[in-house]
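Peer 1: Listed below are the residues making up each chain.
Protein chains: 2
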Amino acid sequence: MAYTETEIDQFMQAAIDEANQARIIGEVPIGAVIVHNGEIIGRGHNIREHAQDATLHAEILAIQEACMVAKSWRLEETAIFITLEPCPMCAGAIINSRIPNVYFGASDPKAGVTGTLMNLLTDTRFNHQAQVTGGIRETECAALLQTFFKAIRAKRRLKKKNASNLK
Amino acid sequence: MAYTETEIDQFMQAAIDEANQARIIGEVPIGAVIVHNGEIIGRGHNIREHAQDATLHAEILAIQEACMVAKSWRLEETAIFITLEPCPMCAGAIINSRIPNVYFGASDPKAGVTGTLMNLLTDTRFNHQAQVTGGIRETECAALLQTFFKAIRAKRRLKKKNASNLK
Numbered sequence: 001m002a003y004t005e006t007e008i009d010q011f012m013q014a015a016i017d018e019a020n021q022a023r024i025i026g027e028v029p030i031g032a033v034i035v036h037n038g039e040i041i042g043r044g045h046n047i048r049e050h051a052q053d054a055t056l057h058a059e060i061l062a063i064q065e066a067c068m069v070a071k072s073w074r075l076e077e078t079a080i081f082i083t084l085e086p087c088p089m090c091a092g093a094i095i096n097s098r099i100p101n102v103y104f105g106a107s108d109p110k111a112g113v114t115g116t117l118m119n120l121l122t123d124t125r126f127n128h129q130a131q132v133t134g135g136i137r138e139t140e141c142a143a144l145l146q147t148f149f150k151a152i153r154a155k156r157r158l159k160k161k162n163a164s165n166l167k
Numbered sequence: 001m002a003y004t005e006t007e008i009d010q011f012m013q014a015a016i017d018e019a020n021q022a023r024i025i026g027e028v029p030i031g032a033v034i035v036h037n038g039e040i041i042g043r044g045h046n047i048r049e050h051a052q053d054a055t056l057h058a059e060i061l062a063i064q065e066a067c068m069v070a071k072s073w074r075l076e077e078t079a080i081f082i083t084l085e086p087c088p089m090c091a092g093a094i095i096n097s098r099i100p101n102v103y104f105g106a107s108d109p110k111a112g113v114t115g116t117l118m119n120l121l122t123d124t125r126f127n128h129q130a131q132v133t134g135g136i137r138e139t140e141c142a143a144l145l146q147t148f149f150k151a152i153r154a155k156r157r158l159k160k161k162n163a164s165n166l167k
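Going down the list, the protein sequences come from chains A and B.
So the first sequence is numbered by full-length UniProt numbering: it starts at 1 and just counts up by one.
So the second sequence is numbered by full-length UniProt numbering: it starts at 1 and just counts up by one.
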């Protein structure tokens, strides 16, 4: 299913809303939604720190919910919208669940494997490939992360300063 | 922590036991365990079909249990024992959970990314690398899968034959 620019924008907004849910609870702000026939059937945001579980990235949670809603591990004819380029685990979960369309916002120079470090989703040695479109509302998606990490660094500096003042 | 050959054999047996749990319920027989300080802290076997969830591979379930037991998403100083070479999703989960030692049984020519199609766990562009040892009790691990798929093919042939007899 092909989406219009307005629809792509709208579904990425839903992923950004998810990322904001992560930000509010102090998690790295990354969000994802899965769309089938124009409807969101799975949502997720990163909860690694709260759950203390390395597997609970936004995409995994969105895929798990979508599988539950679809009553199938095969998410054919769906699209996933993610604020950040997927890591190997999440790209692998996209392969395993047969999601054919991937839209992401910001690129990830550290772990992005759908175009940046490599492209696992166009590698024909795996039994599934996906169409990948990056850079959707890139500035907003990247700003979410930049603001989050800037605040963390400022907090750390303040803590260090207060600690040295107490000496 | 370095393991003796006997220990490696014993932990792979626990992974094989998990694979057999999958086999008994009709799932592709793949199992995994995670070991910390000589004790198993996470176990998992493939339940993709029963759960209709593409993410529920043996390794993901073992990692989730180990994170819960360790009360941490960081599984440093652990080892994972898996009957089959990990796929991209599971290799990615190993990176994300910082597991330093990976032992697997059979190689996977279709999706194995810790030596066969590529090696995601020695790629220094990611923020974690792992020591990978393949071929542990390889014949038994491979036989589990071969027997499983042979039985499925035989069942399919019988079904086809019965259907044509009814015509």
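A portion of the hints provided could be inaccurate.
If chains are identical, the list can't say which one is meant, so a pair holds when it fits in one copy or spans any two.
Below, in silico cross-link-like pairs of lysine-lysine (DSS-like), each with a Cα-Cα straight-line distance of 30 Å or less [unchecked claim]:
id	residue 1	residue 2
1	167	150
2	155	167
3	167	71
4	160	71
5	110	167
6	155	71
7	161	150
8	110	159
Just so you know, these hints were derived from the structure itself, not from any lab.
Peer 1: Have a look at residue 167 and residue 71 and pick one of within, between, both or neither, based on CA distance no larger than 30 Å.
Peer 2: neither (60 Å within a copy, 34 Å between copies)
Peer 1: Taking 30 Å as the upper bound on the Cα-Cα distance, should residue 167 and residue 150 be classified as within, between, both, or neither?
Peer 2: within (26 Å within a copy, 72 Å between copies)
Peer 1: Which holds for residue 155 with residue 71 at a C-alpha limit of 30 Å: within a copy, between copies, both or neither?
Peer 2: between (44 Å within a copy, 25 Å between copies)
Peer 1: 30 Å Cα cut-off: does residue 155 pair with residue 167 within a copy, between copies, both or neither?
Peer 2: Within. Shortest intra-copy distance 19 Å satisfies the 30 Å Cα cut-off; inter-copy 76 Å does not.
Peer 1: For residue 110 and residue 167, with the copy left unspecified, which applies at a CA distance of at most 30 Å: within, between, both, or neither?
Peer 2: So residue 110 and residue 167 fail the 30 Å test inside a copy (37 Å) and across (60 Å) alike.
Peer 1: At most 30 Å between CA atoms: does that hold for residue 160 and residue 71 within a copy, between copies, both, or neither?
Peer 2: Between copies only: 27 Å across chains, 51 Å inside a chain, cut-off 30 Å.
Peer 1: Since the copies are identical, ignore which copy is meant and state whether residue 110 and residue 159 lie within 30 Å (CA to CA) inside a copy, between copies, both or neither.
Peer 2: Within. Shortest intra-copy distance 27 Å satisfies the 30 Å Cα cut-off; inter-copy 50 Å does not.
Peer 1: Pop the pair residue 161 and residue 150 into one bin, within, between, both or neither, using alpha-carbon distances up to 30 Å.
Peer 2: within (16 Å within a copy, 67 Å between copies)
Hints 3, 5, counting from the list given before, are not met by this structure.
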